[in-house]
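Between the sequences and the hints, there should be enough to build the whole structure, so can you do that?
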Amino acid sequence: MTYSPTPYASRAPSPHTSHPRRVSVIGEESPLLRTLDGRDDRDGSSGSGKSGRRELEDFLGADAWTWAWWRGRLRYYVPAIRWMAEYKLAYLWGDTVAAITVATVIIPLSLSYASSLAHLDPFSGLFAAAVQPLVYSLLGSCAHLSVGPEGSLSLLVGQAIQRILHDDPHSGDDARVVGMEVATMITFQVGMISLCLGLLRLGFVDVVLSRSLLRGFVTAVSLVIVIEQLVPMLGLSHVHAGTDLHTALDKCIFLLRHLREAHIPTSLLSLCSMAFLILTRTIKTRYKKRFGFLTYLPEILICVIVTTALCSALDWQDLGIEVLGAVSFSSRQSFFALPLRRANLHFFKQTFPTAIFCSIVGFIDSVVAAKQNAQRFRYSVSPNRELTALGAGNLAASFVPSTLPAYGAITRSRLAADTGGKTPMSSLILSVLVLLSIRFLLPALHFLPKAVLACIICLVVYTIIAEMPEDILFYWKMSAWNDMFLMMLTFFLTLVWSVEVGIGIPFALTILLVVKQSSQQRIKIMAREPGTTHYVPIDEDFPTELEDTCGVLVVRIFENLNFVNTGSMKERLRRLELYGSNKHHPSDAPVRDEPVAVVFQLADVEEMDASAVQIFRELAETYTSRGVCVCFARVRPAQLQALRKGGVVDFLGENHFHPTVAAAVSFIEHERHLEHCEQTDGSIA
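Numbering follows my numbering, in which position 264 of the sequence shown is assigned residue number 1283; successive positions increment by one, without gaps.
Do not take every clue at face value.
Taking lysine to any residue pairs in the SDA-like style, the calculated list, with each CA pair at most 25 Å apart, reads [as the list claims (entries may be wrong)]:
| # | residue 1 | residue 2 |
| --- | --- | --- |
| 1 | 1390 | 1184 |
| 2 | 1270 | 1184 |
| 3 | 1368 | 1356 |
| 4 | 1303 | 1284 |
| 5 | 1589 | 1659 |
| 6 | 1307 | 1115 |
| 7 | 1107 | 1097 |
| 8 | 1308 | 1368 |
| 9 | 1496 | 1507 |
| 10 | 1589 | 1549 |
Simulated from the structure, these hints should not be mistaken for lab results.
Below you can see the structure in the form of structure tokens.
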């Protein structure tokens, strides 16, 4: 498929772009244009800074500059202003088809997530599929991201509701009201957390969680969801209602113990529905390249319509098959309420951990989906703006009672792009379709079997579970044992303990690994090439005979220095003095002689904080007290100024700072020669 740029993917020119002073060069926008429109590649800072502002003020005038600056900032932070102004009627067909296609998937899924996972009324899922996409289409930076409720997030909300009801039992309408209040509080907290992270520009959090951790967590959550849905699929809901099961392992044991009590008609319906969904999905995957129309085949919607019609016509409800029941637009008591009411605030502390996990997991999925589409259609997305848009959407949805949290989904976003979606208009159309379904479709779903809703959820998570063996094989081939361990640890903790523990402990381990890797300095000894004055780093397997034998230890530091990686500098240097590499154990006997001089080569150090300067001052004092000469080579002006402010230059003297390593070694040899001559003259005298 050839690529054609979408209107949203390209940067729109300003009305002033015809002026010769603002013409783009080699396909790039000029700094003047970037400054005027207030755009950048990632975080929203202006393109050319103060110089560009002065140039534009001279060109446009101060008043025009002010208006242009605010207009540019508004267009940047509210992208809908830009893409709506540039929207063409030719894009409407693709956006409409994409919206209808995604609607056929997200409407049944939203019903399933709300009813089966979150244990709420269907409105909770449908409003999440309507409100959040509407807000995201106005503020989001990705043209193809499909926002809606997710299975893992719905499961977290449902577990939080069940946990609170277990601690403070309620029944009937009281339990339903408590569930609505808990869901509202979680959605509000999720919105505030994401919004604050975005405004504070903390979008880099997506790089902290490794792919192995996410794969283990998502797969385990998918398996937990499947185990949860086996209860209604086997018709064991009436037995399960009187039990107190917390972990997925407990539910597995429960299913094995009560397997003989499974409801036969419900089990047969589940088996037939699951077979139809898997068979249809397999045919679509295998033949969609040959038959393009298969991409638009809504197998989920077909399953819902057929089973609902058959249940109504054949009176399956009389056979004991559970149905969705009476749900109508008029039965909803309230469609708007302030989220920070006293009843909701009562659950603030209990729901806050769940909201944190929902924010992290949902944002990671959204950013991955957004970056995949951005790479495919060649435009950039900003994680900070994604956080802001997603946070604002969840915050707005919290004003509709019991609405579930919603984030972007990889599969739905890919489906929207494959079916012709070009701009966020597809999300707007999708919101309208979902709202219409809330108003007119729900009464027609009275006889929708709950077992079918469970099968729909299992179909979605089936594809996720099927991907894990491939990742395990990949890590095995790469001998990536750390990634393998992290993935399996996340998987088993989530499965055996809880979803919160499954993501919390591996996340903490990941942070520790990141800190450990950041604290390990990249330091190597340098040796002189034979017959030259050129010094090169010595690798672990480098011939030792090329090292200098004059007792000078030349150390090259390959990274910026800060409080994180300078704490262990003294120990690393001492190990280099004794062994020259990391192959030796600290208990081994030293293989190198004590140095008479140390040279620090700082050509690769671009930044140095106060802690690093303080460490260098302490090293200089320690080496000098041992009679070891200390010199610095190739120090950048900014770092030299920092060393001067820290007193290192005054302590050692200006003559201990040299432009090259060879010059520093020559200085040391000259000083040693003078010292030797003085000792010889003294002994003669």
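How the hints compare with the structure:
A distance of roughly 39 Å separates the Cα atoms of residue 1390 and residue 1184; the hinted pair therefore is violated under the 25 Å criterion. Taking the CA atoms of residue 1270 and residue 1184, the gap is near 18 Å; set against the 25 Å cutoff, the hint holds. With a C-alpha separation of about 20 Å, the suggested pair residue 1368 and residue 1356 falls inside the 25 Å cut-off, and the hint holds. As the CA atoms of residue 1303 and residue 1284 are separated by approximately 29 Å, the hinted pair breaks the 25 Å bound.
Distance check on the hinted pair: residue 1589 and residue 1659 sit about 20 Å apart at the alpha-carbon level, within 25 Å; holds. Restraint check: the Cα-Cα separation between residue 1307 and residue 1115 comes to about 20 Å, which is no more than 25 Å; the hinted pair holds. The suggested pairing of residue 1107 with residue 1097 holds, with an alpha-carbon distance near 19 Å, which does not exceed 25 Å. For the hint pairing residue 1308 with residue 1368, the CA-to-CA distance comes to about 51 Å; that exceeds 25 Å, so the pair is violated.
Taking the CA atoms of residue 1496 and residue 1507, the gap is about 16 Å. The hint holds against a cut of 25 Å. Among the hinted pairs, residue 1589 with residue 1549 is inconsistent with the structure: their alpha-carbon atoms are about 30 Å apart, more than 25 Å.
Violated hints for the displayed structure, listed by number in ascending order: 1, 4, 8, 10.
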